[in-house]
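Q: Protein chains in written order, with the working numbering: chain A, 1 to 543; chain B, 544 to 972.
What the hints contain is simulated information worked out from the structure, not anything from laboratory work.
Keep in mind that the hints are not guaranteed to be accurate.
Straight-line Cα separation of at most 25 Å, BS3-like style, residue types lysine-lysine; simulated pairs [said to hold, decoys possible]:
1) A:Lys-118 with B:Lys-728
2) A:Lys-228 with B:Lys-769
3) A:Lys-116 with B:Lys-794
4) A:Lys-116 with B:Lys-945
5) A:Lys-116 with B:Lys-841
6) B:Lys-945 with B:Lys-728
7) B:Lys-816 with A:Lys-118
8) B:Lys-703 with A:Lys-51
9) A:Lys-51 with B:Lys-728
10) B:Lys-708 with A:Lys-228
11) B:Lys-703 with B:Lys-655
So the chains spell out like this:
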Amino acid sequence: MTSKVPFRVLQSLGLLLCLMFSFAAPSFAQQTDPRPMIDALSKADFGEAEKLIGQLAATGDARLVPALNAFSEGDLYFRKSDNLVFIGKAAGSNYELIDPVTGASAGQAAKNAVTKIKINNSLRRVIRSAMGGLTLLSPDRGVRLQAADAVLRSPSAENLELLETAISKEADREVKARMEEARAVSLLSSDRSIDEKRAAIATIKNYGGRNAIGILMGASASLDPSLKADVDAAIASIESGQRLWDIGQNVWYGVSLGSVLLLAAIGLAITFGVMGIINMAHGEMVMLGAYSTFVVQQLIRDNAPGLFDWSLAIALPVAFLVTGAVGFVIERGVIRFLYGRPLETLLATWGVSLILQQTIRSIFGPTNQEVGNPSWMSGSFPVGGMTITWNRMWIIAFSLSIFVALLVVMKKSSFGLNMRAVTQNRRMASSMGIKTPWVDAFTFALGSGIAGIAGVALSQIDNVSPNLGQSYIIDSFMVVVFGGVGNLWGTLVGALSLGVLNKFLEPSVGAVLGKILVLVLIILFIQKRPRGLFALKGRAVEA
Amino acid sequence: MTFKSKLGGALLAAVMSTTALQGAFAADDTIKIGVLHSLSGTMAISETTLKDVMLMLVAEQNKKGGVLGKKLEAVVVDPASDWPLFAEKARQLISKDKVAAVFGCWTSSSRKSVLPVFEELNSILFYPVQYEGEESSRNIFYTGAAPNQQAIPAVDYLAKEEGVKRWVLAGTDYVYPQTTNKILKAYLMSKGVAESDIMVNYTPFGHSDWQTIVSDIKKFGSAGKKTAVVSTINGDANVPFYKELGNQGIKAEDIPVVAFSVGEEELAGLDTKPLVGHLAAWNYFQSVDADVNAEFIKEWHAFTKNDKRVTNDPMEAAYIGFNAWVKAVEAAGTTNTDAVLDSIIGVSVPNLSGGTSTVMPNHHITKPVLIGEIQADGQFDIVQETAPVVGDEWSDYLPDSKNLISDWRKPMSCGNFNVASGKCGGKGS
Numbered sequence: 001m002t003s004k005v006p007f008r009v010l011q012s013l014g015l016l017l018c019l020m021f022s023f024a025a026p027s028f029a030q031q032t033d034p035r036p037m038i039d040a041l042s043k044a045d046f047g048e049a050e051k052l053i054g055q056l057a058a059t060g061d062a063r064l065v066p067a068l069n070a071f072s073e074g075d076l077y078f079r080k081s082d083n084l085v086f087i088g089k090a091a092g093s094n095y096e097l098i099d100p101v102t103g104a105s106a107g108q109a110a111k112n113a114v115t116k117i118k119i120n121n122s123l124r125r126v127i128r129s130a131m132g133g134l135t136l137l138s139p140d141r142g143v144r145l146q147a148a149d150a151v152l153r154s155p156s157a158e159n160l161e162l163l164e165t166a167i168s169k170e171a172d173r174e175v176k177a178r179m180e181e182a183r184a185v186s187l188l189s190s191d192r193s194i195d196e197k198r199a200a201i202a203t204i205k206n207y208g209g210r211n212a213i214g215i216l217m218g219a220s221a222s223l224d225p226s227l228k229a230d231v232d233a234a235i236a237s238i239e240s241g242q243r244l245w246d247i248g249q250n251v252w253y254g255v256s257l258g259s260v261l262l263l264a265a266i267g268l269a270i271t272f273g274v275m276g277i278i279n280m281a282h283g284e285m286v287m288l289g290a291y292s293t294f295v296v297q298q299l300i301r302d303n304a305p306g307l308f309d310w311s312l313a314i315a316l317p318v319a320f321l322v323t324g325a326v327g328f329v330i331e332r333g334v335i336r337f338l339y340g341r342p343l344e345t346l347l348a349t350w351g352v353s354l355i356l357q358q359t360i361r362s363i364f365g366p367t368n369q370e371v372g373n374p375s376w377m378s379g380s381f382p383v384g385g386m387t388i389t390w391n392r393m394w395i396i397a398f399s400l401s402i403f404v405a406l407l408v409v410m411k412k413s414s415f416g417l418n419m420r421a422v423t424q425n426r427r428m429a430s431s432m433g434i435k436t437p438w439v440d441a442f443t444f445a446l447g448s449g450i451a452g453i454a455g456v457a458l459s460q461i462d463n464v465s466p467n468l469g470q471s472y473i474i475d476s477f478m479v480v481v482f483g484g485v486g487n488l489w490g491t492l493v494g495a496l497s498l499g500v501l502n503k504f505l506e507p508s509v510g511a512v513l514g515k516i517l518v519l520v521l522i523i524l525f526i527q528k529r530p531r532g533l534f535a536l537k538g539r540a541v542e543a
Numbered sequence: 544m545t546f547k548s549k550l551g552g553a554l555l556a557a558v559m560s561t562t563a564l565q566g567a568f569a570a571d572d573t574i575k576i577g578v579l580h581s582l583s584g585t586m587a588i589s590e591t592t593l594k595d596v597m598l599m600l601v602a603e604q605n606k607k608g609g610v611l612g613k614k615l616e617a618v619v620v621d622p623a624s625d626w627p628l629f630a631e632k633a634r635q636l637i638s639k640d641k642v643a644a645v646f647g648c649w650t651s652s653s654r655k656s657v658l659p660v661f662e663e664l665n666s667i668l669f670y671p672v673q674y675e676g677e678e679s680s681r682n683i684f685y686t687g688a689a690p691n692q693q694a695i696p697a698v699d700y701l702a703k704e705e706g707v708k709r710w711v712l713a714g715t716d717y718v719y720p721q722t723t724n725k726i727l728k729a730y731l732m733s734k735g736v737a738e739s740d741i742m743v744n745y746t747p748f749g750h751s752d753w754q755t756i757v758s759d760i761k762k763f764g765s766a767g768k769k770t771a772v773v774s775t776i777n778g779d780a781n782v783p784f785y786k787e788l789g790n791q792g793i794k795a796e797d798i799p800v801v802a803f804s805v806g807e808e809e810l811a812g813l814d815t816k817p818l819v820g821h822l823a824a825w826n827y828f829q830s831v832d833a834d835v836n837a838e839f840i841k842e843w844h845a846f847t848k849n850d851k852r853v854t855n856d857p858m859e860a861a862y863i864g865f866n867a868w869v870k871a872v873e874a875a876g877t878t879n880t881d882a883v884l885d886s887i888i889g890v891s892v893p894n895l896s897g898g899t900s901t902v903m904p905n906h907h908i909t910k911p912v913l914i915g916e917i918q919a920d921g922q923f924d925i926v927q928e929t930a931p932v933v934g935d936e937w938s939d940y941l942p943d944s945k946n947l948i949s950d951w952r953k954p955m956s957c958g959n960f961n962v963a964s965g966k967c968g969g970k971g972s
């Protein structure tokens, strides 16, 4: 590099300068070759790896982001033959090796020729923070926002100057606000002046939410005593704001639990509520619906993976038809011989439920089956101080729409009219020319089919195993009896109020005692109102 | 571990037992062993696998020439997840089928149910599942982990490697989580953790609505101290628990969960991508890098004709128990219970993590403790492995049992020797 100087003496002097220059290189970050540091990861234990990541982050070299990302995802490997580190992507039985710095392909390697570089949670945290630092100045707005989030979640005083540079250059308001928050959090652990820290506490207070409380409480121990009053005031103010949201959150949880109860019970509201059959195999219909979802997803995974986000929509009619058909067969094969004999019906349907369970166990095995969540049902979004998870929100919407659809069928369709006629006065309906046995069969099939589509939704939040149905049968009966037998609105109100009641008891007395208390309350309630919340009145009751 | 109080469990049992597999009548030139695992009912999900493992081990042993020159014959019965039926089936195996030893049980309730039968009829049970300790029987060998072989090393790992200062002990409401959490709480407090930094939470069996509890954990975790969840939540309730964690955005880097009842088999029903980094503590993971393990997995896949079947910790415990029994019988030259009870103590057999496990005088075994992080493919990446640990039947951290030891060698032959009073016969059985 210095050989342009013609004189030998100067040449060697230049060489010396060059050497000194390379020793001082860390301050000229971009010039350091990060490759040896990355390769050193192959032999590092967790503690050493943490130091290496710190050094990599200190280079400020944005080219390192893919390598760090791969490391935190567990995709970093070293080749056993020469201990060189690569990003590995599975390609058949081999790994496609990619150079961690340049991103160029470095050929393939057999799986046993490379070893994965181990990673644990504390390393992932360090990487997250390092990546945050490296990408704060990225030209992509989304990446910058993510980076600010990352720094916010694992703050360190070292990122402070970088944050300030980034803030001064930032034009986007949302990203800038997030960076300001990240700066405030990082500032608390730095050695800046007390006034700056006081301002930082105010920023964090505005940020609000549980995270802010956590940050402030964590920092309060190491802060200057004169700031303690500020911290306490900030925490108190956030908490008082949070209290209302907490109640809202609890109501939401209650509604969400209620919607699950409604889903589980709504099919039973027809077979038990309308037809009066004590249907112990109801839970198994839910289970069959969940297994239909599993089979549909399996087929989609094997044949058309692109359709996966639609799998639930496809599973709905399938589950409805499968369980409806099974329900039809059960009614024609077993239940129709037992009308008017509730005890025998109970035993027979209980037997049917065992047969269905063991059949599923024999076909699919006793273990849980994996039913995937489509992307639109994963994750959550914030509403003020509340967190709403997508799957719960969709399930609430779904169960309410089933309820409405069922109500329309019952009240507006001719089948619904026949159904109501048969259940209210069988002999009169029969005299009017309604084929009562077929109405019975289709009503039972409808109830079973509804249980089946409930199973599609429940497969998203619960285990899909042969025992799935058992865990819902008692809750379902509870809801229908509490709401009032024979009344769909009763089932809706019953499910939602039981859900909310449960969720308000749970934080104070615990989940176990909460459940017991709910049962005791229902027993007391039934003593007072034997026909449930919305009792049917008039002649229909006697029929 | 699991118990679901189910309407008409007895009815279920009655229906199922008629369809249970019954052992064939055998000639005198075979040695019979009993396999007592539920093949129907709620526990079938876990126990069916262990039945398959036992059949595989017996087949392998017979290929090697059997034991004492005789072929082994497995007598399989189905106690149908019904605890009283376990005792009945155990009695049938010992008295009617005249088995030399029994391999079986999963839940503590089923073990407690058969314990008096084995003591009365003087037979041997090998129990392959992690349990709460606080028990020692002359006739039972506990090849699963005692709390000090699983829970305590896991907590130590979190405190040391993750710097955890605040603990959520979450479990299902029954004996194993309750006892384990009692031991853990005493242990943590002995290490200087304040009581206000420990949150204990129990949920019913099969709990599926975790919204409130997960958000409580989030709240508890936002006190500015590093928080972790120690989960003794039982198999079935785990899937919705982890799904809720994932959906509420609790990442392993923020609040790690270490579980004692979640293994490869439980993860098979889950999309594990949102769970990467959460932990489990066992004595064996399928991902253990050892030749003996690779061999075992190969045999398992061949035997089940399914190369997707996972292996797990109770399978390893069954493997160790079976091999220890074979070695003890060969050393004693007979399958006579008393002779085998004498010869088995001190027997060392290879375990699947590449070392050896020794049967100790307290009828527990030595094995290393592994801490693993969940990977996106449903396997565990081992982040720590300890030296072999001796199972401690009477916990040193509970006031009732800290003075008790167990030593079934003569002349002591006592399962609850009180070192303070110098007498045999303290609390417990």
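Q: Provide an ascending list of the numbers of those earlier hints which the structure does not satisfy.
A: 1, 4, 9, 11
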